[in-house]
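> Sequence:
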Amino acid sequence: MSSPVATWDTIQDVFYRKDTVYDMSWSIPDLSDYIVATAKNGGPVAMIRDERKIMLLGRHAAGKPKIYVYTSSGILLSTLTWDLTPPVLLHFTSQNLIVLSDEGLYRVYDLSNPTEYKQYTLGSEVSSVGIIEAQAWEDGLVVLTGDLQFLEVRRWGGGRAVPLCPSELKELPASWTLLSPDKSPSGHVQVLFSINDTIITLDALERIDQHVSRGPFSQIRISPNGRFLALPTVFNTLWVVSSDLSRNLSEVDVSQWGDGQPDRVEWCGDNAVVIAWGGKVAVAGPGGDCLIYDYSPSAHLVGEIDGLRVISSHVCDFIQKVPDYSLAVFKPGSTHPAAILLDALDHFERKSPKADESVRYIRAELADAVDTCIEAAGREIDSYWQKRLLRAAQFGRAFIDLYNPSDFVEMAQTLKVLNAVRYYQVGIPITYEQYTSASPTFLISHLVSRNLHLLALRISQHLHLRPDAVLKHWAIAKITHASSQSIDPSDRGIADDHTICSAIVAKFQKEGKRSVSYAEIAKKAWEAGRTRLATMLLDHEPRAAEQVPLLLEMKQDKLALGKAVDSGDTDLVYQVLLNLHSSLTPGDFFHLLDDSLSPNLSPAVNLLQVYARQADRQLLRNFYYQDDRRTENGCLDMEEAGESASVEKRKERLGEAARHFGESKERAFESKMAEDAQRLLTLQDSYQNELSTPTHQYYFASLSVNAFIHALLIGGFSKRAEKVRSDYRVPDKRFWWVKLKALAEVKDWDALEVFAKAKKSPIGYEPFVRHLLKVGEPQKAASYVARCDAKARVDLYVECGEWGRAAELAREKGDKGRLEQLKRQAPTGLAQRDVEEVMRRPGK
Numbered sequence: 001m002s003s004p005v006a007t008w009d010t011i012q013d014v015f016y017r018k019d020t021v022y023d024m025s026w027s028i029p030d031l032s033d034y035i036v037a038t039a040k041n042g043g044p045v046a047m048i049r050d051e052r053k054i055m056l057l058g059r060h061a062a063g064k065p066k067i068y069v070y071t072s073s074g075i076l077l078s079t080l081t082w083d084l085t086p087p088v089l090l091h092f093t094s095q096n097l098i099v100l101s102d103e104g105l106y107r108v109y110d111l112s113n114p115t116e117y118k119q120y121t122l123g124s125e126v127s128s129v130g131i132i133e134a135q136a137w138e139d140g141l142v143v144l145t146g147d148l149q150f151l152e153v154r155r156w157g158g159g160r161a162v163p164l165c166p167s168e169l170k171e172l173p174a175s176w177t178l179l180s181p182d183k184s185p186s187g188h189v190q191v192l193f194s195i196n197d198t199i200i201t202l203d204a205l206e207r208i209d210q211h212v213s214r215g216p217f218s219q220i221r222i223s224p225n226g227r228f229l230a231l232p233t234v235f236n237t238l239w240v241v242s243s244d245l246s247r248n249l250s251e252v253d254v255s256q257w258g259d260g261q262p263d264r265v266e267w268c269g270d271n272a273v274v275i276a277w278g279g280k281v282a283v284a285g286p287g288g289d290c291l292i293y294d295y296s297p298s299a300h301l302v303g304e305i306d307g308l309r310v311i312s313s314h315v316c317d318f319i320q321k322v323p324d325y326s327l328a329v330f331k332p333g334s335t336h337p338a339a340i341l342l343d344a345l346d347h348f349e350r351k352s353p354k355a356d357e358s359v360r361y362i363r364a365e366l367a368d369a370v371d372t373c374i375e376a377a378g379r380e381i382d383s384y385w386q387k388r389l390l391r392a393a394q395f396g397r398a399f400i401d402l403y404n405p406s407d408f409v410e411m412a413q414t415l416k417v418l419n420a421v422r423y424y425q426v427g428i429p430i431t432y433e434q435y436t437s438a439s440p441t442f443l444i445s446h447l448v449s450r451n452l453h454l455l456a457l458r459i460s461q462h463l464h465l466r467p468d469a470v471l472k473h474w475a476i477a478k479i480t481h482a483s484s485q486s487i488d489p490s491d492r493g494i495a496d497d498h499t500i501c502s503a504i505v506a507k508f509q510k511e512g513k514r515s516v517s518y519a520e521i522a523k524k525a526w527e528a529g530r531t532r533l534a535t536m537l538l539d540h541e542p543r544a545a546e547q548v549p550l551l552l553e554m555k556q557d558k559l560a561l562g563k564a565v566d567s568g569d570t571d572l573v574y575q576v577l578l579n580l581h582s583s584l585t586p587g588d589f590f591h592l593l594d595d596s597l598s599p600n601l602s603p604a605v606n607l608l609q610v611y612a613r614q615a616d617r618q619l620l621r622n623f624y625y626q627d628d629r630r631t632e633n634g635c636l637d638m639e640e641a642g643e644s645a646s647v648e649k650r651k652e653r654l655g656e657a658a659r660h661f662g663e664s665k666e667r668a669f670e671s672k673m674a675e676d677a678q679r680l681l682t683l684q685d686s687y688q689n690e691l692s693t694p695t696h697q698y699y700f701a702s703l704s705v706n707a708f709i710h711a712l713l714i715g716g717f718s719k720r721a722e723k724v725r726s727d728y729r730v731p732d733k734r735f736w737w738v739k740l741k742a743l744a745e746v747k748d749w750d751a752l753e754v755f756a757k758a759k760k761s762p763i764g765y766e767p768f769v770r771h772l773l774k775v776g777e778p779q780k781a782a783s784y785v786a787r788c789d790a791k792a793r794v795d796l797y798v799e800c801g802e803w804g805r806a807a808e809l810a811r812e813k814g815d816k817g818r819l820e821q822l823k824r825q826a827p828t829g830l831a832q833r834d835v836e837e838v839m840r841r842p843g844k
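If you number the sequence shown the way full-length UniProt numbering does, the last residue is 844 and the count never jumps.
The set of hints was computed from the structure by calculation and includes no laboratory data. The reader is advised that the hints may include incorrect statements.
[Claimed, not checked] In silico DSBU-like links for lysine-lysine, alpha-carbon gap of 30 Å or less:
id, residue 1, residue 2
1, LYS723, LYS791
2, LYS823, LYS780
3, LYS757, LYS733
4, LYS66, LYS40
5, LYS672, LYS733
6, LYS774, LYS760
7, LYS759, LYS741
8, LYS741, LYS780
9, LYS723, LYS733
10, LYS741, LYS774
11, LYS760, LYS739
12, LYS760, LYS723
13, LYS760, LYS780
14, LYS813, LYS780
15, LYS651, LYS665
16, LYS555, LYS523
17, LYS321, LYS351
18, LYS478, LYS66
19, LYS416, LYS507
20, LYS523, LYS18
21, LYS759, LYS649
22, LYS416, LYS321
I would like the entire structure built from these sequences, with the hints used as guidance.
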């Protein structure tokens with residue numbers, strides 16, 4: 001096995017290496033015939049014939065232009081027919097291929113199903129002036145329109161094209177590029193363009209002239225970290241500066257390496273600039289030295305965070321500055337402990353005693369040597385040297401008493417993943433640096449987008465990651481594929497739906513440990529026109545909150561409501577009810593809730609009544625009407641009558657209550673009560689209007705009959721009170737109580753006396769005494785004691801404070817015991833003297 005240094009070269013004592021990753025599987029003679037776009041991190045290659053170039057007859061197929069998508073190893077993934085005007089941009093995001101036409105239409109292709117796409121427009125204004133050029137980043141793009149203005153579009157869902165600050169261009173810029181928000185110091189997209197001898201920076205708010213004097217620049221390239229600019233001038237020099245143009249890093253004459261203006265300039269990581277003239281590729285050093293490689297007839301350069309991919313008709317190479325870890329191990333003459341440890345492994349395998357000497361020599365630095373070998377293994381593409389370095393690390397680890405093996409295990413796992421995806425049939429030449437920068441989930445997402453589900457699933461399991469995303473994508477792809485096939489007309493596809501559902505459930509239960517959600521899969525099935533399959537899948541979804549919204553969207557209303565009820569989540573039930581109420585006709589809505597048809601939905605019916613009673617009485621009234629609930633409707637009318645502040649509204653509601661109660665033979669009494677209440681309210685309203693004056697306002701509405709009579713008596717309207725008594729057949733006892741309280745309240749003692757003497761009191765006279773005592777009138781109360789029952793008079797006199805009269809009455813009865821009791825109980829002073837005086841009288 002050849003040494004890793006066989007591919008190394010130097011530029012001013014800095015080592016670079018060029019590794020051939022793949023021999024290309026395609027048969028493309030010249031990449032310069034195409035517009036080419038390549039995804040980052042070892043992603044696929046897309047190309048379309050460049051219509052602006054004159055081609056030899058027969059070199060390309062006739063017909064509509066086609067977009068070809070290949071792996072980095074040259075294996076064709078898909079062919080897309082392009083039927084719009086010529087494209088000005090091909091761009092890969094992490095999941096999709098974006099193709100933009102010069103009329104402002106762009107398509108978003110899902111790489112897992114490239115026959116389907118979403119098409120959007122940048123608007124009629126853009127279409128009218130056209131697009132000259134465009135550049136993009138992960139979440140959006142910037143276009144240069146025919147009227148020489150820059151527009152920004154955020155996200156790929158048809159967002160509006162937003163103008164940046166006016167460019168003030170009178171002619172096309174010599175070149176331009178964009179700083180994506182993640183690299184821009186402002187956090188917003190910025191455009192840099194070259195005009196005359198300067199560079200202008202442009203964003204949504206301002207246009208700033210940087211006042212440089214070395215232009216114009218044929219290209220502007222930003223380093224992966226966003227800190228440096230590579231600026232080839234029209235005078236065949238390469239100027240490298242900081243991104244804010246404040247520091248001059250180097251200036252090199254490139255005319256010695258190629259003729260004319262370079263076709264392409266890219267960064268090789270953040271360390272060097274690579275220039276291409278056709279198939280000649282030069283890696284430029286800061287002092288004027290370079291490495292030149294030949295890729296005739298043409299090469300496509302892809303800048304990565306740690307190097308540069310070169311794709312040609314025949315090979316895919318990776319050029320990078322040799323990583324420090326690899327340099328420490330493999331640099332000729334290296335005395336680094338890691339290099340000595342690798343040498344010790346060689347001696348050990350040859351059973352040479354020098355192995356022990358080498359280990360002893362680096363004993364103090366053995367842990368560092370092991371760590372360096374592990375890291376160097378990650379930077380090697382050749383699996384032989386990966387294993388060799390890991391074996392050296394394992395060998396050195398045996399001589400360390402305490403060493404945490406987690407880094408070793410993690411690197412071994414990572415390399416197994418990287419080697420699997422680098423295999424030429426997969427064709428993803430991702431490096432360790434790219435992998436750690438983008439995260440494992442990015443790689444899995446990339447595999448899933450190419451429908452490499454089994455490999456993605458195995459990698460997820462190998463790295464102990466949740467397989468949910470992989471399984472979901474696999475299930476959706478399975479449904480999509482099945483939907484494109486013809487179904488058996490004999491059973492209308494029922495068997496096929498059962499087969500697909502069973503396969504998905506079995507796979508989820510086996511690989512996903514029952515944690516994968518079925519709702520998203522079901523939605524895709526429904527969108528594909530397979531409602532029955534979607535319903536089957538939703539039956540396996542354990543979370544009602546995931547089931548119900550999709551069932552509603554699918555118009556499976558009863559099923560959605562049933563699932564919500566079964567979940568026991570009242571908020572979810574309310575959500576379904578409100579959604580159905582807004583989307584269905586009243587008849588359909590209430591028919592759905594019919595208890596006789598769907599007894600299992602009775603909890604939902606109860607919740608609807610609770611909600612409607614609080615928030616939508618008309619809904620509750622309509623429900624009672626549809627469900628033929630006359631009594632409940634009458635009760636609702638009575639309740640609303642009691643709550644209403646408007647007399648007219650109350651009378652109206654009472655009338656409705658009487659009508660609703662009257663429609664049921666069993667509610668005749670309630671109907672009569674409602675009618676009486678309405679009649680009473682009408683009378684109260686009439687009296688209120690008649691008796692009120694500008695100086696005094698009476699309020700009778702909503703009073704009970706007793707309170708109404710009481711109010712009339714207090715106002716002095718005794719005849720009207722008598723009329724109310726007569727009309728509503730108020731019993732004598734109740735009327736006497738009401739009048740007693742009213743006359744006592746207004747202290748009309750003469751009227752009270754007349755009332756008491758009018759006829760025999762049906763309630764007796766003791767209530768007179770006690771009520772007058774209650775209102776603080778003991779003397780008035782005492783005047784009625786003589787009319788009370790003889791047995792109670794003594795006690796009543798005592799309660800009225802008339803101790804002498806109580807004693808006199810006891811003496812008349814000859815009750816000496818009672819007299820003695822009164823003497824003992826009487827308070828000292830006048831009351832006691834009155835009792836004693838009665839007791840001293842001669843006679844009985």
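> Check each numbered hint from earlier against the structure, then list the numbers of those it violates in ascending order.
1, 17, 20, 21
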